[in-house]
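With the hints as a guide, bring the two chains together.
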Amino acid sequence: MNLIKIQAISRKEYYHLIRDFRSLYLAFIIPLLLIFLFGYALSLDVDNIQVVVVDHDQTDLSRDLIQKIGASSYFHVIGQVADDRIASRYLDDGMASVAIILASGWTANIRADRESQVQILIDGSDPNFAGITRSYLTAFMLRYNQNQLLDFLNRKGMEPIHPPVEGRIRVWFNEDLESRNFIVPGIIAIIIMIVGAMLTSLVVAREYENGTMETIRSLPVPAAEFLIGKAIPYFIIGLIDVLVSILMGQLLFGVVMKSSFWLMILASSLYLGVALSLGLLISSVTKSQLVANQIAVLITYLPSLLLSNFVFPVENMPGILQLVTLIVPATYFIDILNGLYLRNLGLSALWPSYVILTIMCGALSVLNLIVLKREGL
Amino acid sequence: MNWIRVRELVRKEFIQLFRDKKNRPLLIVAPLVQLILFGYVVTTDVRDITVGLLDLSRTPESRMLIDAIGGNKTFRITEVTERPVDMDQLLLMRKVNLGVKIPPDFSVKIRKGQTAEVQILADGSMSNMAAVRISYMFTVLEQFNNQVIRELHPVKMSYGKADDRIRTWYNPNLDSRNFYVPGIVAFLIMLLVMLLTSMAIIREKESGTMEQLMVTPLKPLELILGKTIPFILIAQAQMIIVTIFAVFWFDIPLVGSISLLLVATCLFLLSTLGIGLFISTISTTQQQAMMTTFFFILPFFMLSGFVFPVANMPKIVQWLTYLNPLKYFLIIIRGVFLKGTGLGSLWPQFAGLLILGLIVFWGSVNLFRKRLD
Numbered sequence: 001m002n003l004i005k006i007q008a009i010s011r012k013e014y015y016h017l018i019r020d021f022r023s024l025y026l027a028f029i030i031p032l033l034l035i036f037l038f039g040y041a042l043s044l045d046v047d048n049i050q051v052v053v054v055d056h057d058q059t060d061l062s063r064d065l066i067q068k069i070g071a072s073s074y075f076h077v078i079g080q081v082a083d084d085r086i087a088s089r090y091l092d093d094g095m096a097s098v099a100i101i102l103a104s105g106w107t108a109n110i111r112a113d114r115e116s117q118v119q120i121l122i123d124g125s126d127p128n129f130a131g132i133t134r135s136y137l138t139a140f141m142l143r144y145n146q147n148q149l150l151d152f153l154n155r156k157g158m159e160p161i162h163p164p165v166e167g168r169i170r171v172w173f174n175e176d177l178e179s180r181n182f183i184v185p186g187i188i189a190i191i192i193m194i195v196g197a198m199l200t201s202l203v204v205a206r207e208y209e210n211g212t213m214e215t216i217r218s219l220p221v222p223a224a225e226f227l228i229g230k231a232i233p234y235f236i237i238g239l240i241d242v243l244v245s246i247l248m249g250q251l252l253f254g255v256v257m258k259s260s261f262w263l264m265i266l267a268s269s270l271y272l273g274v275a276l277s278l279g280l281l282i283s284s285v286t287k288s289q290l291v292a293n294q295i296a297v298l299i300t301y302l303p304s305l306l307l308s309n310f311v312f313p314v315e316n317m318p319g320i321l322q323l324v325t326l327i328v329p330a331t332y333f334i335d336i337l338n339g340l341y342l343r344n345l346g347l348s349a350l351w352p353s354y355v356i357l358t359i360m361c362g363a364l365s366v367l368n369l370i371v372l373k374r375e376g377l
Numbered sequence: 001m002n003w004i005r006v007r008e009l010v011r012k013e014f015i016q017l018f019r020d021k022k023n024r025p026l027l028i029v030a031p032l033v034q035l036i037l038f039g040y041v042v043t044t045d046v047r048d049i050t051v052g053l054l055d056l057s058r059t060p061e062s063r064m065l066i067d068a069i070g071g072n073k074t075f076r077i078t079e080v081t082e083r084p085v086d087m088d089q090l091l092l093m094r095k096v097n098l099g100v101k102i103p104p105d106f107s108v109k110i111r112k113g114q115t116a117e118v119q120i121l122a123d124g125s126m127s128n129m130a131a132v133r134i135s136y137m138f139t140v141l142e143q144f145n146n147q148v149i150r151e152l153h154p155v156k157m158s159y160g161k162a163d164d165r166i167r168t169w170y171n172p173n174l175d176s177r178n179f180y181v182p183g184i185v186a187f188l189i190m191l192l193v194m195l196l197t198s199m200a201i202i203r204e205k206e207s208g209t210m211e212q213l214m215v216t217p218l219k220p221l222e223l224i225l226g227k228t229i230p231f232i233l234i235a236q237a238q239m240i241i242v243t244i245f246a247v248f249w250f251d252i253p254l255v256g257s258i259s260l261l262l263v264a265t266c267l268f269l270l271s272t273l274g275i276g277l278f279i280s281t282i283s284t285t286q287q288q289a290m291m292t293t294f295f296f297i298l299p300f301f302m303l304s305g306f307v308f309p310v311a312n313m314p315k316i317v318q319w320l321t322y323l324n325p326l327k328y329f330l331i332i333i334r335g336v337f338l339k340g341t342g343l344g345s346l347w348p349q350f351a352g353l354l355i356l357g358l359i360v361f362w363g364s365v366n367l368f369r370k371r372l373d
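Protein sequences appear in the order of chains L and F. According to the working numbering, the stretch in the first sequence is residues 1 to 377, in order. According to the working numbering, the stretch in the second sequence is residues 1 to 373, in order.
Next comes chain F alone, as it looks inside the complex (with noise of 0.2 Å):
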């Protein structure tokens, strides 16, 4: 092992990468394009609702109800219809999430003691977000409930209430942005570090420079550290601007120790430089081992919780998870983030990250080493 070799290969790298005036938007505008995005479009936040409105009854009670409707902040009645078609329209056309129909015996019924049935219907093309709008729905029908029978029934009323204090942790407010901005760095990391670090080994196979670096005395070994060695760099450096991003930007709390991140940087590198190696062994021209590390990714960034979450997946794919270093990466990054959790906590995922990183890491030098011999 020779240092002063593989830092010269180091620093023929990072010539090369910053040399090529097209890669500066690869590493700069694509990650800052991302966060931007992922900070401000990746909301399931459901906030406003729009609400179709028919009214057969046309009563005091019916009137009520609406104001009830209408006075929530979630709702804004967008359309008042007047015939049951009109309503069928508004929702087939997308120009309302909810509508709500007050049958014309509505309050006959109210005043007779009886339930009146309202209907509701819904769009439930966005299924997430449908089952919320109903649900809060359904509170506001029992707020008016509640408000009825206590008109109905002057007398004192003072049940036994169950009172629930609902207190939501670690992102009170339920931001998305919270929840989506700190995973991104997780995911620039992978995609740049798996594409970069295979393209590196490719174009020299490609442009036949591999020749020449094999007559050169460097060893297999020196050889893999210093096609590594930049992008390790250039991930940690990720890492620290998209935290900076996300902290002074974004307004994310971070609670937990930055150092821990960092450490947690280094582990998952182990894995993607590992998978990029391993992507560089297998491909022999740029497109193969760009679409191979697609496939790479794809799977990763779905089964990972970042969107989707992994309690949702059948039990089978989520055994299939804790093959995801990805996985590992999002649970820490989050913890560290909005929970301000230590090794206590997150020791099963560093333990992860590094046994999956190691054996990733390990096989795929062996396999590069064997090809070049």
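This is chain L alone, in the form it adopts within the complex (with noise of 0.2 Å):
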């Protein structure tokens, strides 16, 4: 290993990042830009469902219903409207989620101690909202009930009773549930792999489409010092943004990371070191930019996105791709930040994942030497 090597390697790499201004600025700002979209912008908690009325019935515990409907924090009541088919019309053109109807009768009929139908219509198409919508509405209507069945009794002359169980809600980790606290850290596996897959999965490709490929091979730099050499650039911009992220997550949207800063850092610079071997390797297999990059966006960006717990429960998967999450490195990285952000673990309970991340950051190295060496470097 020859560390004046390695840096001439570097500052080589350097001078096209330099030089290549928009690169490196994109590089910084991309980051800057996720984290403030998901920040502040994105949420998958769902709580302004905008409901829209129909009221046949117009009485003062129909006028109660509605009341008590729009008091909760999570709907509003964006207005009434007299037919049924405008209602449906509002659901259609996608100007509310929720249509509650009342017959008329409904009040007379509940005077009269029967059920009473009220009728709820959903907007389904985003299954993440309409559930979280329905399982609401459900509570709701069950609480509703209950204060009439406890009326009910209280009105036939029987002692008050209350309901016999009550559910006392913790919440732990996350204790306002806020998708923010989770979604912030997270994007720091999606920024590392951006900069670290997709910028050098143009590396070595670009010396082969440039030519400048038959140089470096004439050159005394041998294949290790050459992949060390053009991975240091990168390998700074990341932990660059790591600790942009890190900052920005804390000072601007109080996202803050309850255990140990060195862990934090030991675990980017692993999962760094898998995204940059795995760029590289990318880069000197396809030999062209244009299909370099794209397979860097299958196989990187997607996939941590996507496949590794990050917002889609990997439980909820079809059994063979819960199989392919395990070889997806952002699995381990995002299990990790969840136990540093979240949970305040420690090295004790998440050193499988370190462990993992630095087996794959040392197979993959090793994958690239080879690939190198058959190429004659």
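Since the hints were made in silico from the structure, they are not lab data. C-beta atoms are modelled at their ideal positions from N, C-alpha and C, and glycine is treated no differently.
Quick partial rundown of chain F residues pointing at chain L, CB under 7 Å, derived from the structure: (1) A122; (2) V148; (3) I166.
Now the structure itself:
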């Protein structure tokens, strides 16, 4: 291993980066944009459900029900319409996602101690949104009915009864149930993949396309030095991105890491190592910038987003794909991020993921060396 | 305008695109992988909730509650612990989604007619999932309450009950696939068209053949047409192929009209081709072009409602989404696929796509011509 040779290759790569100012600029802007978007604008939580009401009954009781729905922090009654058809137009046009229809005679049925139908229509096209909406509505109606029952019992002159069981919720790890708290850390995994794998996927292919690979072959630089030299500038960029992300998450969005900072840096470095060697490997195998970039998107960016337990839970996937998630590096990094950011875990609990990332990094580097050696480096 | 020259250029582009074997994965494998990924992976359904149990009461009443939870098909009691510490560990190590703690005085209180508190510990790390899990648990508790009250007061219980008939429209089983698969085509077209358009021009620049094109009798407009027509054809083919896949492979209902989809694709292409041209004008190397493309695609994707609902975004950002062609296209695709809506409902989206597309395309073409001269 010759440090001077590594330095020389790194400097060459550094000049490439500096000269191509926009790529460098984007390597810093894209992470900022992502953190900002995810922290500020994007949320999977449902707390502003637009409700349109058709009240054919128009009594105190029906108005009371509507008022109770509107008073809940999840629902927002945008208005009342006269006709069921208009309400369904609202759903078609996406102006409301829930329609509640009270038939005439609704109150009369309730007053006569009979079951009385409430028709509720939900726009189900977005299943995440609709599922949460439905469960809020069910819970709301159950509570409403329980009050009706207690009211009935008390009216019949029975002693006032209390509900037998009450659930006391304690939410752990993410007390306010804000999706931001798991998405902002998770986005670091995506950023590292974009900066690490997508930028480096172009690096060796560029040498082939420009014909400068011949020059490098004739240089007294062995494969290992070549690889390390190529990786170092991107490693530094990636690490700066990680630091900026941690800081922005904390300062702008109050997403605070509970566990040790150095464990985070260690994990990020390992994962960055995986990303860089993956990118370089793609680059030397494909030898074409366009194809390398597309493959990098396909096998690094998308799996990190989709197959890593980031937003979409692995436990919901079909069995084969659950196995696939085991070879996606982001799965382990997300696991570490979750432990460090939300659960305040240490190395004693998270070591398996660290070990696996180390093994992946090592194996990919060896593969890289083999490929480059075969190319005569 | 000479159509023969345009045709020859289109032919050249196609030959160039398909001669390179490495482009084949780009055109065929990449869309397929993405279709499968989104079709099978992307689901936010809450089906199987794992529960850890800590019963400090051990009475018939507490067992009744446990049966009520275990008997519900969404819940699966996977762990039964003896000590509170173990329960904490279960949650910490992600072994269970919810923990249920039944206190020692559980049945004493119920028999006295008081309210017994059951502690529910939820792993909130994925907040949207946690919210659904918690409300499912609440539903079970409320049902349990109704049952107990009925047993405690065995009088005739016909009280004025609001019977909620919830119906979910457009996607009755709340199948995530129905939501995501039709949307993929929008994403695929955007990605492929922007990237390939900008690449097709950048490569001419990089390999120096742009100079040769300049000395041919091709006019700038003919050059632009020749460079964009291949991708219009490819995008339409993709739209049709993905639709066939969605309907026959993934069983996605296609309620509306497919011709409306093809019209929408054309309008959508105006803006994506325009952006592709713009990128090729402002970039000099492939790397630059790719990074710039990515820079456009990321916010388009995130702020389109593809995964993250637009209604959840802050007001200012919601206004920004009006500049996002992908958002309009997605609303159209989902409307046509799931709701079967026609122009009557979707005209604002069509208008949005058209206006945005014309502005972007016209602007890019002008810029491109200026640079060419």
